[in-house]
Every structure is written in C-alpha cells, then in structure tokens.
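Chemist: So you can see what is in the structure, the chains are spelled out below.
There are 2 protein chains.
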Amino acid sequence: MIKAINRTRIKDIALRANVSIGTVDRVIHNRGEVSKATRDKILSIIDEMEYQPNLLASTLASKKTFSFALLFPEPISTESYWNKPMVGVRKAFHEIQQYGVNINIHLFKQSDPNTFNTEAQQILESNPDGVVLAPFFSRQSKEFIAELKKRAIPYVFIDSNIKDSDKLSYIGQDSYQSGTLAAKLLDYSIPENAAILVLQFAKEKDNLNHLMQREKGFYEYFNSNSTSGKKKLFTLEIIDPTDLIGQNKITDLLKSNPDIKGIFVTNSQVYYLARLIEENNLSGIRVIGHDLINENINFLKKGIVDFLICQRPEEQGYKAIITLFEHLVLKKEVNNENYTSIDIITKENLDYYK
Amino acid sequence: MIKAINRTRIKDIALRANVSIGTVDRVIHNRGEVSKATRDKILSIIDEMEYQPNLLASTLASKKTFSFALLFPEPISTESYWNKPMVGVRKAFHEIQQYGVNINIHLFKQSDPNTFNTEAQQILESNPDGVVLAPFFSRQSKEFIAELKKRAIPYVFIDSNIKDSDKLSYIGQDSYQSGTLAAKLLDYSIPENAAILVLQFAKEKDNLNHLMQREKGFYEYFNSNSTSGKKKLFTLEIIDPTDLIGQNKITDLLKSNPDIKGIFVTNSQVYYLARLIEENNLSGIRVIGHDLINENINFLKKGIVDFLICQRPEEQGYKAIITLFEHLVLKKEVNNENYTSIDIITKENLDYYK
Chain A
1 MIKAINRTRI KDIALRANVS IGTVDRVIHN RGEVSKATRD KILSIIDEME
51 YQPNLLASTL ASKKTFSFAL LFPEPISTES YWNKPMVGVR KAFHEIQQYG
101 VNINIHLFKQ SDPNTFNTEA QQILESNPDG VVLAPFFSRQ SKEFIAELKK
151 RAIPYVFIDS NIKDSDKLSY IGQDSYQSGT LAAKLLDYSI PENAAILVLQ
201 FAKEKDNLNH LMQREKGFYE YFNSNSTSGK KKLFTLEIID PTDLIGQNKI
251 TDLLKSNPDI KGIFVTNSQV YYLARLIEEN NLSGIRVIGH DLINENINFL
301 KKGIVDFLIC QRPEEQGYKA IITLFEHLVL KKEVNNENYT SIDIITKENL
351 DYYK
Chain B
1 MIKAINRTRI KDIALRANVS IGTVDRVIHN RGEVSKATRD KILSIIDEME
51 YQPNLLASTL ASKKTFSFAL LFPEPISTES YWNKPMVGVR KAFHEIQQYG
101 VNINIHLFKQ SDPNTFNTEA QQILESNPDG VVLAPFFSRQ SKEFIAELKK
151 RAIPYVFIDS NIKDSDKLSY IGQDSYQSGT LAAKLLDYSI PENAAILVLQ
201 FAKEKDNLNH LMQREKGFYE YFNSNSTSGK KKLFTLEIID PTDLIGQNKI
251 TDLLKSNPDI KGIFVTNSQV YYLARLIEEN NLSGIRVIGH DLINENINFL
301 KKGIVDFLIC QRPEEQGYKA IITLFEHLVL KKEVNNENYT SIDIITKENL
351 DYYK
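In the order they appear, the protein sequences are chains A and B. Start counting the first sequence at 1; every next residue gets the next number (the working numbering). Start counting the second sequence at 1; every next residue gets the next number (the working numbering).
In short, the hints are calculated from the structure, not lab data. Accuracy of the hints is not assured; some may be wrong.
If chains are identical, the list can't say which one is meant, so a pair holds when it fits in one copy or spans any two.
The list that follows gives simulated cross-link-like pairs (lysine to any residue, SDA-like), each with its CA atoms no further than 25 Å apart [stated by the list, open to error]:
1) K354 with Y221
2) K203 with T251
3) K91 with L43
4) K142 with P113
5) K249 with Q200
6) K354 with E95
7) K11 with S67
8) K109 with H29
9) K331 with R151
This is chain A alone, in the form it adopts within the complex (with noise of 0.2 Å):
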C-alpha cells in the first residue's frame, strides 16, 4: 500500500478551486476582492490540501519593530532552574528575530519582593509591546499586572498562574495537579500504615502560589482517595534550608518519627533533604521533589531522591515568547492557558529526558 505526500502549491489549489491563480494568492493574503462563496471554498481546499503559506513575506513588508519585556527571578546559580527557560526564550528569539522583535530581560531577586518592584517599574517605564513575567510574589505581581492592565500592554504569565487576572496566556504546569501526581506516586511506594511528610522550604508560603498549590492538590489526593487514607501526613515549614536551626529540625523529626517513609519537598530545592539522609544515614525513606537541577540529579542517581517532578521550564520559555509574538505580531488568537507537561523523571530515565 502506497500513500504519496506532494508538496501542495498555489497552481494546485487554483486548479482544484477552478479558479486563478491570482484568486487564491488574494485570499491568501487577505487582499482584494474575492466573494464570500469563492474565499470559502479555497480556504476549505487550502486545509485539506494542508498547504502552508509563507508568512515571513508579507510580514516582512510592515517595517514596525517590536519590543517585549520579560521579568524573571535571577538564577542562583549558574546551574539553578531559573537558566532553563532563558534557553527556550533564546530559541524563540532565533526563530523571531528576522521579524524585528527585541527582547529585554528584566531579573529579580528571589528572596527580596522589592527587586521585583523596581524591576517592574523599569519595565513600565520602558513602555513595551508585551511583558513575559513569572509572577513569583502574588501581591507585588498583582501590584504590576493592575498597571500594565491600565496602561493595555499584554502580559503573559510563566512558571505559576494568578487565575482570573485578564493575563493573554498562562504557559506553565497546573500546580495542584502535579501536586496529585506526587501524591499518588509516594502512595505507592510506601507501606499501607506509613507517614508522609510534606516539606516545604519557603519564606513566605502564602505570598507563593504555586507552592501552595501542589501543598493543596498532594493532600487533596489522599483526602479522596480511600484505600490510601489510612496514611498520615503533615507539612513542616522551614525558612531556610541552609541554616543549621532549620536542617537540625528536619533530622530530629525524621529521627523521632520512623514511621515517615515518604516525604515530598514542593520545590527543587529537595537536595538539602536528600544531603540531611545522606549525612545522617536515613534509609528507608522515598522521596520525592522537583526539577532537574543538578544538585537533585546527583542524588537521583544515588537512589536518595526517588522521583523529581519536572515542568519543562525550556518549553515554557520558547511558549511563552512565542505566543506574545503570534498575539502581537501575526495578530493571532492565542490560547489564554498553555499547560506543560507534568513529567516523571527516576534514576532509570533520566538520560533520556530532552
């Protein structure tokens, strides 16, 4: 059985349309005049015929350049997830750039919500086409999108969601459920009887969305589910990982409390537990965590860390410059929430995930 695939061109689609050359390229490119019944049609051959018309070129014609701000937490390290997706914005920005889109990006700190505040402001006063943020800080983002609200600039939101915020796109994952995925994934790995203990390394919790969020969705799967309930789970929080009051806290529980044989940090942050069961031989233990960072990478392969829960922070990236460049220069509809995928990723296919 034989099946060919031709490129389909303009001369195909006139001649299966009956009608000139010189009528299809007007529909093309939406100039001239050409009747309702005749534009219809062409257009229905153009799909099935699955033809692809050549953007760049009429594009190219408008001489407008365009400027997009992004504001995005500054990596930690050279390694840290926060250089992952500025790959993906590069590569967008490579398949873009002959359109005349500049990028200008905007860094914050982590752990001072004001940097984020005079970085917005930088941004505002630049005036820009679009904004691509990560709105890390829920009341100093809600602070900025009121603005860019007002002033009509689109912003999209990268990495965690404000629901119900008139944002143009959310390009991320859906926090809670990947919060049940950890969920059923140490459920399964653990003893009917045993308990869980949901670690989260956060300064201000509430003033972090997407923390909250998996925290909700990882205990949300046990109260629904039955035949796992008999489990016991509770959340300690702790500021700072580095700091010895802290650690110290962590290994006393674990420690006290022999019946903990899962535990779930909800960041990528899971290396400082997995080094606290390390150093003080903690075995038994299945953990689970996000990001492939390369702290956590060592400790997946030494069996420490079971599971790490990845969002594609590339992908989100490229989505997210993409989709303002659709919206803003090829004026197209654009979906108003892009969720990544929720990946698994254990010691065995590891060398595998692109």
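Based on these hints, arrange chain B on the given structure of chain A.
Modeler: Coordinates of chain B only, in the frame set by chain A:
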C-alpha cells in the same frame, strides 16, 4: 538587571571580524577563496553571536529532488499506535517540502512477515534516495537492509533498533532501559513479597526485537536490586490476546495465584489484560503497559492500568524524516543513535502529556 538580545546580521559579523560583508558571505556559503585564519575567525564569531544563516535560499539554487521511502506497520485501527509516527512524518514533510522532497509510504501487516517482504521489494524497485523503516521482524529486516547496503541507500530505523547494522541512525526508545523503568515502578507499587507476572502478547517473540529487550531490562532490574530480590517473577506468552483460550489461561493464572500483585505487559496491548481484570472483578493488582492509545487511556482513567510507558511516536516519525533530510539534502552529520524520552503516564498527568 537588563540584558538585550538583538538580531545578528551579516553586517555585524563583518564589523566584528574586520572584514567585508562579501567575505562573511563567502564563508557562510562555503564558496570562493578565504584564508583558513580568516575563515576560522569568522566561524567563531558566527558561533559566538549565534547567527543563523538562511539555509533555504542556498539550497533552493540546486534543482535536485529527493525521494524518501517509508516502511511502517499498517495501523490496526484508526486509533492504533502506528498512526502516530505518521503525524510526525507529515509535520516534517511540511517543513522540508520546499526543498523538493517526496515521501512514499509503504505499509506491511504486523501479523504477516510476507507483506514486509513484498513492500521492501517495491521500495528497492523504486530506487529511493533514502529509507525509513521499522525493523519490526528481525529476520526480514536484516535481509532488506543487506540489500539497501549493497545499493548504498542510507536507512534510518524507527521504533526498534538493530545493533551493528550500519544504519544511518536509530530514532526510538532504549527498549532495555524502558524495561528497567517499568520494573522500578512495579517494584515500588507492590508489597515486598508479592509476585509479578510479565505478559508477552506476541506470536513470535524471538523475532520481535524490542519486546525481548524490554523483558530483559525488566528482569535485570530485579536481579541487580538486592532489596527487590524477594519478589518472584515469571513470564507468560500469549500468542493472540483476542483468543479465548489465551484469555482463560490468564484469568486462571491470576485466580489461582493471588500473590500476583503486579503485571507488566510488554507492549501496547495491555488493554486486553485490563479488560480481563475488569470483567473478572480482580482487584489489588498494579498494572503497567506501553503506549498512549485510546483503549489504554480508558483503562488508565478507570484506575485499572496504573502506568503507561510512552515513547513519543510522533517525534520518532518527525525525527526520522528530518535525519534523512539532514544527511541527504543538507549534507550534515547526523547522530547514529537518537533515543527518544521514556515517559511515564498516569491518570494524574495524562491530560498534560503532549
């Protein structure tokens, strides 16, 4: 902190290298005389400034057309696995069609190695520039590629690999490794002393390379993990999952062995097992299988199948075509092995998987 990304133009490279635009152009298009030192300098600047040349323009100058032949299993139904690589093939075709590439698709029956031979013969008669094939049947595939080799026609494998075969490239999963991943997930999901059944739905298992590899990886995980070694494993081969005798064999085995708490089905036909579990009201068995086809998705949602290991079939189809294209048309170096990711899908992350 602000960093700007701006488009790199040939002019910028010329300025930085302190040469004329014409010299940069000669290096980019690899024509005319440029000294090695100047050439190296320009190439390193191109690399550093992340300049992306417009390949199409230079390739369009040549008028040669290329003919690719595909040899894939015929999809059993409109929803079945082998429709998926074709989606990727079409996507790749749309990207490269303007370079004068034609693709001819040959389909063989998964139940009949003779149809593989017939289609392979037709491909040889058409004398294509390159071939993408799923080496589904080991013996027949080896005969075919021996002939391709003789005629110096490059071939790319998709879905399963034949090692040491002078292939241009393999695009697909590491089947052995996906077996170890399935093993880990089942190991974590069932009690310490439970038994595990490996179920092979296959007529001629020995002629089906990837199923053998998956089973091998699965057993190897338990052999090499001392803490998991208490679990008893055994394999059952069922020639035809639609046959009542085979089905009764499975249900009898499960009913008489209540210590079987986990089942691994080595291919996408896990839904046949799930149906038996449902019909016979068997509970407390964790099930893992392969591939995100509709029948499997239903049982994943119902909680009868716990995990599906997936292998990005669309991406495999896409990459196979692009690899052949890069080798034949763009004359680029291509990777000899291109492993796709080994994805874990559960009820919880299903809706976000792409």
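Chemist: Each of the hints needs a verdict: does it hold here or not?
Modeler: Taking the hints in turn, this is what the structure says about them:
{"no.": "1", "hint": "K354 with Y221", "result": "between (28 Å within a copy, 23 Å between copies)"}
{"no.": "2", "hint": "K203 with T251", "result": "within (20 Å within a copy, 54 Å between copies)"}
{"no.": "3", "hint": "K91 with L43", "result": "between (31 Å within a copy, 20 Å between copies)"}
{"no.": "4", "hint": "K142 with P113", "result": "within (12 Å within a copy, 63 Å between copies)"}
{"no.": "5", "hint": "K249 with Q200", "result": "within (13 Å within a copy, 49 Å between copies)"}
{"no.": "6", "hint": "K354 with E95", "result": "both (20 Å within a copy, 22 Å between copies)"}
{"no.": "7", "hint": "K11 with S67", "result": "between (37 Å within a copy, 22 Å between copies)"}
{"no.": "8", "hint": "K109 with H29", "result": "neither (46 Å within a copy, 44 Å between copies)"}
{"no.": "9", "hint": "K331 with R151", "result": "within (19 Å within a copy, 50 Å between copies)"}
In this structure, only the earlier hint numbered 8 is contradicted, and the remaining ones agree with it.
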